[in-house]
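Asker: Residue numbers (the numbering used here), protein chains in the order written: chain F, 1091 to 1491; chain D, 1091 to 1491.
By construction, these hints were calculated from the structure, which means they are not laboratory data.
Please note: incorrect hints may appear among the correct ones.
Unchecked claim - If the Cβ cut is set under 10 Å, some of the chain F residues that face chain D in the computed set are:
#1 1146
#2 1148
#3 1150
#4 1163
#5 1408
#6 1411
#7 1413
#8 1487
As the list claims (entries may be wrong) - Rough simulated footprint, nothing fancy, chain D against chain F, three-plus residues with beta-carbon under 8 Å:
#9 1329 to 1341
#10 1472 to 1481
By construction, the Cβ of each residue, glycine as well, lies at the ideal position given by its N, Cα and C atoms.
Protein chains: 2
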Amino acid sequence: MISIPSGFNFVGTHCGIKKSKKDLSLFYSAHPCITSAVFTRNLVKASPVIVSKKHLSKSGRNIQAVIVNSGCANACTGRQGLKDAFEMCSLTGECLGLKPEQVVIGSTGVIGRYLPMAKVRSGIRKLCNDLKENTDRTSSVFDAVDAIMTTDRVKKISTRTLNIGGKKVKILSCIKGSGMVHPDMATLLGFIFTDINITKNLLDTALKNAVEQSLNCISVDGDTSTNDSVFVLANGLAGNECISSKNSKEFKKFSYTLTDLCEELARMVVSDGEGATKLVTVVVKSARTRFEAKKVAQTIATSPLVKTAIFGSDPNFGRVMAAAGRSGVNINPERIDVYFDNLCVYSKGCPINFCTKEAKKVLSKKKLSIIVNLNQGKTAVKYYTCDLSYDYIRINAEYCT
Amino acid sequence: MISIPSGFNFVGTHCGIKKSKKDLSLFYSAHPCITSAVFTRNLVKASPVIVSKKHLSKSGRNIQAVIVNSGCANACTGRQGLKDAFEMCSLTGECLGLKPEQVVIGSTGVIGRYLPMAKVRSGIRKLCNDLKENTDRTSSVFDAVDAIMTTDRVKKISTRTLNIGGKKVKILSCIKGSGMVHPDMATLLGFIFTDINITKNLLDTALKNAVEQSLNCISVDGDTSTNDSVFVLANGLAGNECISSKNSKEFKKFSYTLTDLCEELARMVVSDGEGATKLVTVVVKSARTRFEAKKVAQTIATSPLVKTAIFGSDPNFGRVMAAAGRSGVNINPERIDVYFDNLCVYSKGCPINFCTKEAKKVLSKKKLSIIVNLNQGKTAVKYYTCDLSYDYIRINAEYCT
């Protein structure tokens, strides 16, 4: 049983961008929401990213609806693409009695194709109507989440409930990402809805902290797709006293919960990675700085040779070391230890005579860790990745809507 | 019929590092050779790289033999690995009447394992003996080249003959590389032998120029494996007047030929890429600088999504654009044109309504180009890559000697 934050209503439908699967979602709040968002840093930005940024700015980050389609990313589509993204917002607004800028937008799917706007228009009108008649807010959540998926195999929803000053605050989030942790991953779209009462600045701070430690540790900073977007909408209906101090225990509680939630979403995305059979946590320990730790972790986590070795259950610490060595961080190979889970396989620049049977056992697990101790400092970082399998090739060589 | 430069003699054998395939080669010159070399920039350097560097320096770059094994990279093997690499050189020297530092070494294969030195010792003694008794220098070249291969499917040999001041100068080269253009590629070892008479400095210059435009355009600078090495040995036996001026037409001729040869080797490596079914030339045009052009080209050439699209014969310019956009170069998406061979698919930030049938035809070719015109400047760069197929996964998930 899913617990929906007060005032929110979500619906999803099939409008015809995809052949038969659901492809259009509407996320709506009865009251305006202060909204924070983070977007792709790719210089090639999809139209929905450009339009959402404009609308956040124009509305003073007061948003009431999010319209999302899958099956077409509306990226690399020039002026027509911008026009279409804007029209999706304005039509949604029109049907719901909102200004265009109170609506933000996300799109995911094939790049470089135009949206079939006639179908999209009918879909939006239908969704706005469905919304008004929606009597089962719980089951319609699943329709909405269904309609944002592309190559995802599972719906990714996560919720939290917390007590803030005696009031029950709810958070509901969903994410889509076909999940490759690689910089080249397909689009990641995340939506977080909450009824908490909080200032805009603190909502920003909480989201940035949360994303830095979670979704940015599965995708490389600045190396995101054309459409990546994460939104958090807060309508304040929980009725708690507005959180306005960064040092308050209420803010810390919320910020901790949001980070924890985003970490769960990050792991969901990686576990459902395109072709993934294993969830791998790369832990880099005893680095001089967080930046260096993350760079080493990310190079290991994105190395095709490491990822294929994991797929093949091969305890190939050499590939781990080779990745660390080319990360650009000034490591000292003679100090480094490498573990798979608790099994030490490499210590201070030399291979350990480990038990092959035990190693195979660890490497065959569905969830495992690669731990690299640099022995240079005091900082540690976690980075989530998955293995690289035949199915990744199949999915990406044959991917069409 | 292969034409061997004067004074060189190459032999290869099976010594037992691999189960049954050849795994040990000796490249020998009857006269000392001035030698230039380029090595991996990975901070995790394999023992043979460290030992070769030392020997080049100690001998004043006067080398007479190269000992190479496949099946074990002797990387991440600490002091024992260094001791083994040194012993391979000193034993080779001992058997041939050379100082240890007149011998350089290359190793390729699995990382993190020790060499079976008893087998290697017998193998070296046998090779040195074979060398003395070798009456068929031509067919033994193929044994030597065979013994440096790992996952390579074909022997990669290229030769050139040129006239320098009335003298016939010969170049023979061989290379091994399982060929992924990706930064994580398996080891690349290249050996170039020539009887030209040239100064050390100019041999350096020629090799650096050649590699920068060829082998460094298939692998990312600084992102090489633990063992990557390219050597050029010149024994001067062609009898030409020593080339000592950078502006001489003789030097230009040699330098041009060496670059052309290295480009051929680079294409061979990529065509034989692990699991490769297609050779792709990424051309980035009208960039502001060579550095920027190369960075964009490299990001496209190493993108798994681009490479899987090519495997699937999908004219997915969106993935090309997304890669360009995250390359870190300040591109202007609205100015960019993308072509597959001569077929324009994207122009000035908008998709072109191209003929799908024609696109499929281009994308199905064994050799094709992705051309990206940035329309920002005057510099162009070529970068070679291959597609990413099921076989890449098979080879790397199951790779063991």
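Asker: A separate judgement is required for each hint: does it hold in the structure or not?
Answerer: Against the structure, the hints come out as follows:
Interface hint status for residue 1146 (chain F): violated, as the beta-carbon distance to the closest one in chain D is roughly 21 Å, over 10 Å. The criterion of a C-beta within 10 Å of any C-beta in chain D is not met by residue 1148 (chain F), whose closest approach is roughly 22 Å, and the hint is violated. Violation of the interface hint for residue 1150 (chain F) is found here, the shortest Cβ-Cβ separation to chain D being roughly 28 Å, above the 10 Å cut-off. Given the 10 Å rule on beta carbons, the hint for residue 1163 (chain F) holds: about 7 Å separates it from the nearest Cβ of chain D.
Contact between residue 1408 (chain F) and chain D, as hinted, is supported at the beta carbon level, the nearest pair being about 2 Å apart and thus within 10 Å. Of the supplied interface hints, the one on residue 1411 (chain F) holds, with its beta-carbon coming within about 5 Å of a beta-carbon of chain D, less than 10 Å. Of the supplied interface hints, the one on residue 1413 (chain F) holds, with its beta-carbon coming within about 7 Å of a beta-carbon of chain D, less than 10 Å. About 3 Å separates the beta-carbon of residue 1487 (chain F) from the nearest beta-carbon of chain D, less than 10 Å, and the hint is met.
Residues of the segment 1329 to 1341 of chain F lying with their CB closer than 8 Å to a CB of chain D number 0, which falls below the three-residue condition for coverage. For the segment 1472 to 1481 of chain F, the stated coverage by chain D is satisfied: 3 residues place a CB nearer than 8 Å to a CB of that chain, which reaches the threshold of 3.
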